[in-house]
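Engineer: Sequence:
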Amino acid sequence: MDLVPENSSSANKRTTAGGRVKWSAALECLLIDIWQEKIEDLRGPRKNSHVYMEMAESMKEAGLELGWGEIRTKLENMTKKYRIEKNKIGPSGGAPSVSVSV
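According to full-length UniProt numbering, the sequence shown is numbered sequentially starting from 1.
Think of the hints as simulated: they come from the structure by calculation, not from any bench.
All values derive from a computational prediction rather than experimental measurement.
Positions of the beta carbon are idealized from the N, C-alpha and C atoms, including for glycine.
Treat the hints loosely; a few may be bogus.
Unchecked claim - Below 16 Å or equal to it, Euclidean Cα-Cα: the simulated EDC-like pairs (lysine to aspartate or glutamate) are:
(1) Lys80 - Glu28
(2) Lys74 - Asp33
(3) Lys81 - Glu28
Stated by the list, open to error - Here are the computed distance ranges between Cβ atoms for each label pair:
(4) Thr15 - Gly90: 35 to 41 Å
(5) Gly44 - Thr15: 30 to 36 Å
(6) Gln36 - Lys60: 15 to 21 Å
(7) Lys47 - Thr16: 28 to 34 Å
(8) Ile32 - Gly69: 17 to 23 Å
Produce the entire structure from the sequences given, and follow the hints as far as they go.
Structural biologist: Next up, the structure:
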């Protein structure tokens, strides 16, 4: 999967002018796939920084250079959004809000 143009001046990092990472839907899906592979390691008794470092390395192999802290923050934010949506739906299984973006 070619996520960043090879001849781009920022070939390894997609950021805004403020330095924040631009997460496209494709990048989020890639991160979720990597997260799924590492979920059991993240649930273990040890600290998780080494797991996030491995995830950052996997993202780098896919063409996007991120720090492990950026990966951790994105996963925390996605988890928080998921829980908020899940609570809105409630036990009845009602319709989610209109602006769902994971």
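Engineer: Each of the hints needs a verdict: does it hold here or not?
Structural biologist: Checked hints:
1. Between Lys80 and Glu28 the CA atoms are separated by roughly 15 Å; this keeps the pair inside 16 Å, and the hint holds.
2. About 14 Å separates the Cα atoms of Lys74 and Asp33, which keeps this hinted pair within 16 Å; it holds.
3. Proximity of Lys81 to Glu28 is assessed by CA-CA distance (about 13 Å); at most 16 Å being required, the pair is judged to hold.
4. Taking the beta carbon of each, Thr15 and Gly90 are about 37 Å apart, inside 35 to 41 Å as hinted.
5. For Gly44 and Thr15, the hinted distance range of 30 to 36 Å is satisfied, since their beta carbons lie about 31 Å from each other.
6. Between Gln36 and Lys60 the Cβ separation comes to about 18 Å, which falls inside the hinted range of 15 to 21 Å.
7. Distance hint for Lys47 and Thr16: a CB-CB separation of about 30 Å, consistent with the stated range 28 to 34 Å.
8. Our hint of 17 to 23 Å for Ile32 and Gly69 holds, since their Cβ atoms are close to 18 Å apart.
Violation of the numbered hints given earlier is absent; every hint is satisfied by the structure.
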